[in-house]
Amino acid sequence: MLILHCPYCGVDADETELSPGGEAHLKRFGPGSSDEDFQDYLFARENPRGVHFERWRHAAGCGKWFHAARSTDTLEVFGTYSAQTTEPPKEICDRISGKRPGWTWRLFG
Amino acid sequence: MSTRLANQGRLIDRSKPVKFTFNGKSFTGFAGDTLASALLANDQMLVGRSFKYHRPRGIVASGAEEPNALLGLGSGDRFEPNQRATTTELFDGLESASQNHWPSLEYDIGAVNKAFARFLPAGFYYKMFIHPRPFWKHIYEPFIRQSAGLGRAPKDRDADRYEHFYAFTDILVIGGGVAGLLAAKTAAQSGAKVMVLEQTAHWGGRAPVDGGTVNGTAVADYIAILVTELEAMDNVTMRLRCMGAGVYDHGYALGYERVTDHAPSLEGPRHRLWRIRAKQIITATGAIERPLSFAGNDVPGVMLAAAMRDYAVNYGVTPGDKVIVATNNDDAYRTAICLKEMGVDVLRILDARDTGGGELMEQARELGIRIDCGRAIGKVSGGKRVKKVAICAQAGTGAALEEISCDAVAMSGGWSPVVHLWSHCGGKLTWDDSLSQFRPDPNRPPTGADGQGFVVPAGTANGEMHLGEIVSDAVAAGKKATQDAGFKAKRTAAPRGVDTAYAPMEPVWLMPRNAEMELRTKTWLDYQNDVKVSDVQLAAREGYESVEHTKRYTTLGMATDQGKLSNINGLATLANALDAKIPQVGTTTFRPPYTPISMGSIGGEARGEVFQPIRRTPMHDWNEAHGADWEPVGQWRRPYAYVRDGETVHDAVMRETRNVREAVGILDASTLGKIVVKGPDAGRFLDMMYTNMMSNLKPGKCRYGLMCSENGFLIDDGVVARIDDDTWFCHTTTGGAERIHAHMEEWLQTEWWDWKVYVANVTEQFAQIAVVGPKARAVLEKLGGMDVGKDDLPFMEWRDGILGGFDVRIYRISFSGELSYEIAVSASQGQALWNALRSAGDGFGMMPYGTETLHILRAEKGFIMIGDESDGTVIPQDLGLNWAISKKKEDFLGKRAQQRSHMTDPTRWKLVGLETTDGSVLPDGAYAVGEGVNANGQRNMVGRVTSTYYSPNLNKGIAMGLVLNGPDRMGEVLEFPGTDGKIYTATIVDPVFYDKDGEKQNV
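Which chain is which? The protein sequence lines are A and B, in order.
Mind the numbering: the first sequence is residues 0 to 108 in numbering that gives the first Met the number 0, read in order.
Mind the numbering: the second sequence is residues 0 to 1002 in numbering that gives the first Met the number 0, read in order.
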């Protein structure tokens, strides 16, 4: 029962108000892409034990999608931010690196 | 015998007798008794039969950890199985019954299982009953079903009421013993909001029984003062009979309050589930005493030493006249001393430690109790009650040195802190060698959103076993939680707790240490699941090294008690068998709830009518009043048919279906999803959403569209109307509106967020009424106000206008192949327009029709239905819908996926019509069988029925199905074995059965 801050409406939302949307910052592959790229896009998702970037929708609230950076093992939340971006904001990456030296964006595992 | 002592019993009121029954027999207890103490007071030692072997079992504990005394309580719609007698408060008229026996508790035929025992070793399900296969069905399974299992499931609907409460607090304290209360007071003094939960009916936990002083005051009195102080504080909420059931992410916790279980005549819900958010949680959940593993440790009359002390001090009950105490620690001496002081004959204390105990041993000796050190119980004999104990050396194999007659045995194998709630959300444990116990590791707490720990253990739950340490630990825990919750803790000194010091305990995992096989097969680890020392040893020999695997293989620690007594003994036995250290073997995962909570409390108020809200169309009441046979469609209710007096539902469907084709029908289509898509980029967006082109649709026109997921599978369909340059109106399936609206929002917000598009779900803003049939136009013309002729409102177009005085939008679209108008009006006008249309339709034979008629009509035309022809694995190409898939568009959702090799496989099953050779109706979902068999020896399948109906217009059964190479096999006959044993034969035909050229809708 996580609590995540919805960056759109400002509510600290209980998990019962939210619906999960899996890994964030996927790059869409469409017609013309290779079978391998397309399969990766469709099916291969990161599922790390540790820092992860996820999509959530404030479904029983303002209805907006947002992104959350959190640790899947300690449940620490590093921040939530707009879904309308292709990568996490620098301040969130810096915050994670500050707490977990050596961590960098797109380093999973 | 087990009996009530002349005095004693701090929790009972001897002036208030209470009557209750057990297995139909009447007994009397006192107000304040638990069912367990009252049964013991009435010499009812035998309370149940064990799970596998049906061995006689008695009460072994005094609290939530009780594995044996599981009873059925109440009767009829208030019957509940598997309730622990030890946590059931006695009330007048309580009905209880033992479980797991036949024909009676005293004479159980299932006890023959003893002879069968060699067939029930560890992993018996896996190894014994696999071969030969027929044996499973005819011998093993009937036998196991008859003999295994705990209580019966209730048959009647639960008559009681349940509710949920939501609470927010700064600090939640779970456990109302001396540690919990003191921690709560420490926290509350800072001004923080504090909530304290205690699972029993009394504050104070074990301390009043065990004694000692705090700041010079007897601990029981000190607790009374604490409670008074806490109750006077406005920022403190205190709940008795409320168990902390679980600790979850980010400070979420569940409290399970048994509001009226102890007094069913009280007003109010039976159980209340507290859904709590806390900044910090203090777990002051105490500890549970461990049994000792000796042969016959499950004979009724063998009891945990502290439980025996509880029964004596709290209820004035002793389970025996002649008691033997076996222990590996000093705490059990308290029981011996307490019983002796009450006049019970304590025959012997068998202390497994060669050097015995400390100060308490001296006290016991002074009372004249004989103490044998380095001694153990070799075996307890007796069937339904302890008769005698064979004494042996702890260091030996079990050779009896002496036998003593007695009628009760108190055992203590040391204490295990209750670490469940600490562990639920990821708190880790550390092994304490000196006390042979797992305790919370302060460096690895469960962490919250800020990455910091949010659970603080206190007192005995934190591994502190002496009052002095418990008290100072509780104050420290209270201060830590206060600060971590963002409050300033008051600088106060911890009070001084004093009790008698203990000599070190000594781990004893098997008694005697090298017990022979014969003894080990009678030495129980898990009473509830009938798991013995020999079972765990066997599992280890068979290669089970992981404690989680061993648990599943042996069933150790499963079922309602989840190994509260057996876990540590079991894993120590496993560790010894593997020659490993206990912390290396580790524990199984502690999962919530701490003890079982009622299904009713989980459901709360959400049952019956309020389980899920029903969505009603504006014409719902009219439908209800006119014979609607309701069909749930998502959260909507739609009339399946309007049944008239004297008709069956089938009759009504046949009548309605014929009437639409012959005259005119009227359908409440309000449930159809309606989504407005608007903006400069709306056309571009819809071109991505639908497989066909929507951007080039002209204002005033309609187009049928298909929607696929990014995986290529068909997810929805419906008619799209273009309203103006930048506005489209999309119809979705009934029940699909929210899903499709969310689908559109997802892509707009997360992929194409720079596109200028708004989408709005306006499903409930409009009522929609379909007027369908050859006389539909005449009806509308009678109402008047709009030109609805062939040229003014052609097929697949829409017009706004005034119809019979109503502000309407009419779509000329058809899901039946008939001349058809779908008329949308604001929801508030829905019923009025329906009435007007009904009046206008009077002279034309108009009848309302339901969803089944809608289905038959569309099936006659070969129109697909989402959810029938599609099931999440079907692509439009399977359904012959290639005409609705744009070849011009560079991209749309699903396009790339539909190019994958599996999607273009020519052997994908394709849509065809199916016509039975004898006119009968194919069974829904039936499979067509082909040549040959598959790897399992089953006939190969070549197709399946997706929709099947009796068509009253064609006077025969018609169906659609997906068939291997179907479109190329027209005229072939397929076989469909039914579940009724019959084989149905059907010819592959074109899926359009009726009016192939579409002449009827194009008029």
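Derived by calculation from the structure, the hints in this document are not laboratory data.
Every value quoted in this text rests on a predicted model; they were computed, and no experiment measured them.
Wrong hints could be hidden among the right ones.
[Claimed, not checked] A partial selection of chain B residues facing chain A, derived with a Cβ cut-off under 8 Å:
{"hint": "1", "residue": "TYR247"}
{"hint": "2", "residue": "TYR251"}
{"hint": "3", "residue": "ASN575"}
{"hint": "4", "residue": "ASP890"}
[As the list claims (entries may be wrong)] DEER-style ranges, computed between Cβ atoms:
{"hint": "5", "chain 1": "B", "residue 1": "LYS755", "chain 2": "A", "residue 2": "SER18", "range": "23 to 31 Å"}
{"hint": "6", "chain 1": "B", "residue 1": "LYS700", "chain 2": "A", "residue 2": "GLY9", "range": "25 to 33 Å"}
{"hint": "7", "chain 1": "A", "residue 1": "MET0", "chain 2": "B", "residue 2": "LYS15", "range": "42 to 50 Å"}
{"hint": "8", "chain 1": "B", "residue 1": "GLY871", "chain 2": "A", "residue 2": "ARG48", "range": "38 to 46 Å"}
{"hint": "9", "chain 1": "A", "residue 1": "GLU22", "chain 2": "B", "residue 2": "SER885", "range": "28 to 36 Å"}
{"hint": "10", "chain 1": "A", "residue 1": "GLU22", "chain 2": "B", "residue 2": "PRO679", "range": "26 to 34 Å"}
{"hint": "11", "chain 1": "A", "residue 1": "ARG48", "chain 2": "B", "residue 2": "ALA223", "range": "44 to 52 Å"}
C-beta atoms are modelled at their ideal positions from N, C-alpha and C, and glycine is treated no differently.
To see whether the hints hold, each was checked on the structure:
Interface restraint check: TYR247 (chain B) against chain A, minimum CB-CB distance 5 Å, threshold 8 Å, status holds. Annotation: TYR251 (chain B) was flagged as interfacial toward chain A, and the flag holds, the nearest CB pair being 4 Å apart, inside 8 Å. Because the closest C-beta pair between ASN575 (chain B) and chain A is about 32 Å apart, greater than 8 Å, the hint is violated. Contact between ASP890 (chain B) and chain A, as hinted, is supported at the beta carbon level, the nearest pair being about 5 Å apart and thus within 8 Å.
Hint check: LYS755 (chain B) to SER18 (chain A), Cβ distance near 26 Å, so the stated range 23 to 31 Å holds. Between LYS700 (chain B) and GLY9 (chain A) the beta carbons are some 43 Å apart, a value that contradicts the proposed interval 25 to 33 Å. Under the hint 42 to 50 Å, the C-beta atoms of MET0 (chain A) and LYS15 (chain B), about 43 Å apart, fit the expected range. Between GLY871 (chain B) and ARG48 (chain A), the C-beta spacing of about 30 Å breaks the proposed range 38 to 46 Å.
At roughly 30 Å, the beta-carbon separation of GLU22 (chain A) and SER885 (chain B) lies within the given 28 to 36 Å, and the hint holds. The supplied range of 26 to 34 Å is met by GLU22 (chain A) and PRO679 (chain B), whose beta-carbon atoms lie about 31 Å from each other. Between ARG48 (chain A) and ALA223 (chain B) the Cβ separation comes to about 49 Å, which falls inside the hinted range of 44 to 52 Å.
Against the hints set out earlier in the document, violations occur for numbers 3, 6, 8.
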